[in-house]
Structures are given as structure tokens and as C-alpha cells.
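*Asks:* Work the whole structure out from these sequences, hints included.
Protein chains: 2
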Amino acid sequence: MITTLPCVLVAHDPPPDARAAFRQELGSGCELLFRSDLAPAEWDAARARARVLIAQNPRIEIAAEDVAAMTSLGFVQLLTAGVDHVPLHLFPRDLPIASNAGAFAEPMAEFVLAMTLAAAKRLPVEHREMREGRFNQFVANRTLDGAVCAILGFGGVGRAAARLFRALGAEIHAINRGGETAEEVAFVGTLAALEDVLRRADIVVVSLSLTATTAGLIGAGELGWMKDDAILVNVARGEIVDQDALYRHLVENERFFACLESWWIEPVRHGRFSIAHPFLDLPNVIAAPHNSASVPGAQLEAARRGARNARRWLDGKAPSNLLGADERGA
Amino acid sequence: MITTLPCVLVAHDPPPDARAAFRQELGSGCELLFRSDLAPAEWDAARARARVLIAQNPRIEIAAEDVAAMTSLGFVQLLTAGVDHVPLHLFPRDLPIASNAGAFAEPMAEFVLAMTLAAAKRLPVEHREMREGRFNQFVANRTLDGAVCAILGFGGVGRAAARLFRALGAEIHAINRGGETAEEVAFVGTLAALEDVLRRADIVVVSLSLTATTAGLIGAGELGWMKDDAILVNVARGEIVDQDALYRHLVENERFFACLESWWIEPVRHGRFSIAHPFLDLPNVIAAPHNSASVPGAQLEAARRGARNARRWLDGKAPSNLLGADERGA
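Those sequence lines, one after another, are chains A and B. The opening residue of the first sequence carries number 694 in our numbering; numbering runs sequentially from there. The opening residue of the second sequence carries number 694 in our numbering; numbering runs sequentially from there.
For the record, the hints were derived by calculation from the structure and aren't laboratory data. Take these hints with a grain of salt, some might be off.
Said to hold, decoys possible - Among the chain B residues that face chain A by a calculated CB cut under 7 Å, a handful are: (1) F804; (2) A811; (3) F828; (4) G964.
Idealized CB from N, CA, C, for every residue including glycine.
*Replies:* Have a look at this one:
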């Protein structure tokens, strides 16, 4: 008997707990196939009947010929929150594609707070000073209580970060596309308010999607608007900040701090890590290897959320996190 | 006319804003004198009529002969929260002495969170790894959401830290003298529960006063009870933790993290910083120069609180933070 259940193809090789989550969330009403379980001939055959494709990193998991062979494909579920590294041009323009936006919001927000506090408390600076024999007990560090925290991009990560910063007494000035939010903020506006927001911020968190609008958003001019002791945190995409301008700004403003978790050239997106300037040696930089989402259980939670969203599509309901024209490079 | 107003002697040289706070809080109903304003003969005369002594660091500000000359002294207000470095033996045993406990609770709690998060997110480790060319994007870091946070000493700092940790989703297991608290905790008990609490803790915050009971409280046995990847944070006094045992434990348990803000031999208490082992070079140590209270406005706030407490004594009311027999080495 030929199965008539819709075929869901998982392009990567998830660990056992994530496989179980896919099975549980998608239920028995579909044919669930993991590419890594299939012989080449089975994969070729499965492509033709795939209704849903689930992928972790399509850049390395899916070739153009695979997509061309997926003639029954109705929906693509990506398991990552950011999708700028996904070769979206491979897919038909009218094929619905969903990201996993918000799946890592809580651990990422906690990471934002960790880096911000490390900068505010000068942890790496004073550890180094102690190693060099200086015990700077009375050099002031800073408190987030009462600080103005600008959050550029008020999606899942931005809102989760805002909740943590508020718990420490900071005031939230948010920027998003609509200029409105149901969250408790001191200010919310669109990018039209960017200059005002940057000028009053003690902390600037970049948690925007990378789009044609946001690429290069923070350049020399925008850095110049910020306070000379501001803390800039980037957990979005390197390309949103002008790399050369940031390096120059850090060298010229030793009280300015940059907390960089996302980079311009990175392994997942580009196959390697590379920087144009020695950011890692600056005393006013805290660097992290794009690992804010790497907490125990995060990949499992991402699998669960992605599978649940694919199930919605299979059930004829509207899936969440559908990519808009701006994210698809329209 | 000889003044009949009670004389309040300030032993250190406060900055202008703190002087103004002393004047404001103590009011016009006393003779307020700053030692640094007095000629030697004036100081000698002032000593004899001082009713209240306010001091920042009596070890260097006050000599035995000064105290002997203070024959009218009725109350001593210390401006620091910890008092183990104060030469209390100089003062009569029945003279009331108050600390400034809790004056720095909020900034210190924020510092505790900063160090804990830096350890949980492996910030110094991964920055160093990146510098050495490794981009460990998928090495797991930890979240405080759901973590068990033990707080040893549930005074001002401990309670303020608990509020921050709770906001991040951690569960609080507190230890204090009474074994009771009005705070929202998952567990509260006395030191009798220490082993159980240490065994289940992901994070252990030491925020106890240094007394005969707490000196050496955390030794090799207690470290052995902790999880091998626990995070130990000491913002109290070095002496509460056995220095040799801690160093050995850190070397033998590379997943164990120590966040050390207070030390065994420190400038304010001992005139110099000195450690018996190279803690500063260990990858699983985050070191800070006892600076958790050094935020803008903290000294001013301490002056204000201390002056207000002295005012209470002058008004015949019971002052806060009177030192108990255990803190006075009874």
C-alpha cells in the first residue's frame, strides 16, 4: 500500500531527544523522515513526495537540485531564529517559509544581561588589573538600576531582555517596526526615533533581524550619537554594525564598551570566523562565539517549536513566524 | 558661650556631597565636626566632648589614645557594612556600636549576579578561546532559569541578591541564623542544613558576616558536597572560605567556578593585597577587587544612612544595626 500521509522531511540529523520531540509534536498523521536515516535512493524518492521540509542550516543541508526535486513541497520550517544565512532564493517566491523566531529568546536575553553586567561591572578589566598588581577597590563601576536601556528590535529576544533589565531597575526605550508594544516601556518608537534613543541610552541592545534596512544601521554617525561610556550589545548580526567604524570608535573611546556575540564572518554562515580588526585584544570588548542560545535543552526546544509550527500548517492553520517580503530580500 | 549641643565627630574626610548629607541628616541640633577640618589642638579638645563618633575605617582613622580621650562618647556609627576589620577592642564593651549593614546591598547584589552570569555563560573562558582561534558556538553554557541558588547569610545583600536571582527564574535556598524569613524562598534554614543546601545548589552565594562561627565555614569537606560544576560567589570575607582548600578544589574540578570579590588579605583591612595561590591565573576564577559597592553615589548613600542612624541615637531612639556579641568577638 502506498502511504497517503503527508511526508515531512527533516534535512539535518537531530539527536535522539529532538527526534522524539519531532515524532511527538507531528503525531502519527504524517510520514516523518530524517535524511540521515535514508539511503541515497530513498532520499531521491522522498524529495518528490515531501510536503514539508524542516531544516537546521539549509546552506549545508540542501542543494538547489534537492529543492528542484521537491515538486510537492508546500511549507518550509527553519529551526533557527535568524534566517539571513538561508539560501532563500532556492525556493519558489510564493512558498511559505517560517523561521523559529523567539525559540531561543529567554537564554539569549539572559546572555545579553550577562554581557551587559560584565561590562558595567568592568569584570574583565579589573581581573586583568589585579593580575598586574593593581587592586582598584574604589574605581567606580556602574549599576543598571536607573540606567536607560535602548533595545533595537523588539521581537522575542528584545522583549525577553527588556523583562530582565526592568527587573534590575533599568528603563526600556524600544524600537520596532510598528512603534507600538504591549510591553511595559518608558518609550517605544520606530527607527525614525533612532537618534534620540541612542543619545539617551546607557545601554544599546541590537536584537534586530538583518534586512536591507538594518544592514549597516549602526555606523560612525550613530556611534557618535551614543554616550561616550555607553555599552553596545550585539546578539543579532554583525552586519547591522559597521565593523570599521566600531573598531575605530572603541579605540578612540576607551570608556565605551562593546559586547559582541554575533560577528561579521562566522562559521555557521560563512564556514569560518574572521574579523577585520583585532577586536579580541581590546580591553573594552567582551567577545562571545555566537553561543547565547547554546544552553542545555535549547536545540530540543527549537525542534519542538518548529515541529509544532509545521503541524499547524499540516492541519490547515496559519503557521507562526512566516517570513515577510523584507526578510526574503524583496 | 560654651555650646551645649552634643558633639558628633566624623573621623574621616568625606567629599563635599557626603559632608552636606551629614549636615542635612544630623540637623542643627548638634555640633558636627570633621577631623580633617581641625587643627591638632582642636582635635584633642573635640575628643573630650564627642558624644558620637562616625568613622569610615577606624583602623587607620582612630588610635587607642583617641578612644581613651573620648570620655563622653556614647555611640559609634561605622559607615561600612562589614566590621570585622574594625579594632573593636579599643572601645568599652558596653558602648553601643552600629554598622552600616545593608547600605550597599543593592549594588552588591547586582555585582553578585554579574559574576554569577559571567561564570554561567563562560564569558572569560570563551573570550580566551576565541583569541586562541576556537569559536565554540555549540559548547553549552548555562541558564539561571530553574537553577538552585543557595544564599549563605540572608541579610541585606543576601535578600537583595535573592530578588534578582528570582527575577531570572532561580530557586532560592537561604541560610540564616533564625531559619526563618519573610522573603519568597524555596527553602530557608540554619547552618544545620548546610550540607543539604550545598549538595543541591547550582550557585552558592556567601554573604555572611565573618564571626567565630563563620570563619573557615567552607572548607574541603563543604566544597566536596557541592556539585562539580557549582558556581561559588564570595562577596563577604575571604576568611569564610578555606583558601588552600578552595585553590585545590578549583585545580581539581575544572567545571567548578569561583567568583571572588572578597579576599583573605586585602588593602583596606590589611594594608595590602596578597594571595597564597595563583587564583588570578585559573580559568575557572572570576576575580574582582572588593569593588561591588563602588558605584556612583554609594559612599553618599552610606553617609546618609549612617548619619540618620546617629540622629536616631541622639534623639533617644534605638539605632539600627547595633553589633551583637558575636560580631564583637564575645
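*Asks:* The structure should be examined with respect to each hint, and the outcome stated for every one.
*Replies:* Status of the hints after comparison with the structure:
1. F804: holds (6 Å)
2. A811: holds (5 Å)
3. F828: holds (4 Å)
4. G964: Violated, about 11 Å.
Of the numbered hints listed earlier, the single one contradicted by the structure is hint 4.
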